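Peer 1: Chains as they are written, first to last, in the working numbering: chain A, 1 to 210; chain B, 211 to 389.
Note that these hints are calculated values from the structure, not bench results. Relax, there's no trap hidden among the hints.
Subject to a maximum C-alpha distance of 35 Å in a straight line, what follows is the list of computed DSBU-like cross-link-like pairs (lysine-lysine):
1) A:Lys42 to B:Lys336
2) B:Lys328 to A:Lys7
3) B:Lys386 to B:Lys328
Bear in mind that the values here come from a model prediction, so they are computed numbers and not experimental data.
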Amino acid sequence: MCDFSEKLVAWLDHELSFEEAAELERHLEGCLECRSGVDAYKRASSELSAYCDEILESQARRGTSRLVLAAATIGAAAAVVALILALPRTRVERSALHRVQAAAAASPAIVAKGMPAVAKPIQKVHRRHAATPVQNQGANDAAAPGQASFALPEEPAIQIAIPADEMFPPGAIPEGMHFVADLTIAADGSAERLRLSPQLAAVERSTNQP
Amino acid sequence: MSGDAANLALPLSRLSAGTSEATTLYRELRKPLLRYLVCLGLSSDEAQDVVQDAFLNLHRHLAAGGSQENIRGWLFRVAHNQARNRQNRYDRNFSAPSDEEIDGASHEETPERAVLEKEKFRQLGKAIRLLTPPERECLLLRAAGLRYREIGEVIGIATSTVNDTVARAIKKVADKCNV
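Build out the structure end to end from the sequences listed, making use of the hints.
Peer 2: This is the structure in structure tokens:
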């Protein structure tokens, strides 16, 4: 190995004194080994500098990508929250008509009050007629504008005709005696109050006649 | 030596010129400091913290009437010591960044050249990791543009030792990388 090889790096880094540098430069003119060494050290220094730059840039890119990922995640979460908040939050009230319809659908013999032409409230209902199709007066009224079909009734809105044989043993009820049951339906569709009113069919007929 | 050396040879009288000069100083020295610390093995966040602390210490040092000689060497020494403190505090040894630190998103135009570039850096990283800590630190400080005297002040060794250490380190790297 050449004696000057130990000074090549220092010469490249301008760390040699003026005299030492001049001596080395004279030597380099005739020493192929030292010239190749200088070239190799120059390349290594250049590559090392590029390596350091690449490490720094990679770290910066990694930090940026982390920031972008975090920003994207936060943005997506914010969008989901905004979407949830923007959804209509009005409570859909079930109209009285719907409640009546639901109650009527659940009962085999519910008739709306005020529809005597179709289902007479005072009427003997035999067992075989217990499953008479529900007459929905509210649905007919709904077609007429301005009526209170969708308003909550202030008093019991329906009457239920129940066969007397369903409640009393045979013979316990005198002939011609009927009961009118007034049922109050609660908001959730359940029966809130049931009131039975005994009536005589003959008296009813006579009082109904003009 | 890197061409940054000439730019970083700061006339110290500039520091007394006000905030704009301090901003210029920060702009010139921030990247070399970050590069040294990251290549030393600190994470990007850690390096940022250390650099900010170093400049904060510089501000205090100057405000307290400290010496304005060789501010660049002073900053590197402070940053180097802080990195050492972190090393001791967290009981870990810094080494050259692993191959995973290089994401391969280089500036090469073709994928083939990018792969070759990444392979070259992988070999360099391997060679640097095989160096002793003083050799690695001397080499990285040299790549940051510091003179041998400054490197000696940062690490705490004699200039002649820096000379020998740098020569030995650069030969090892050149041999390992066949450059």
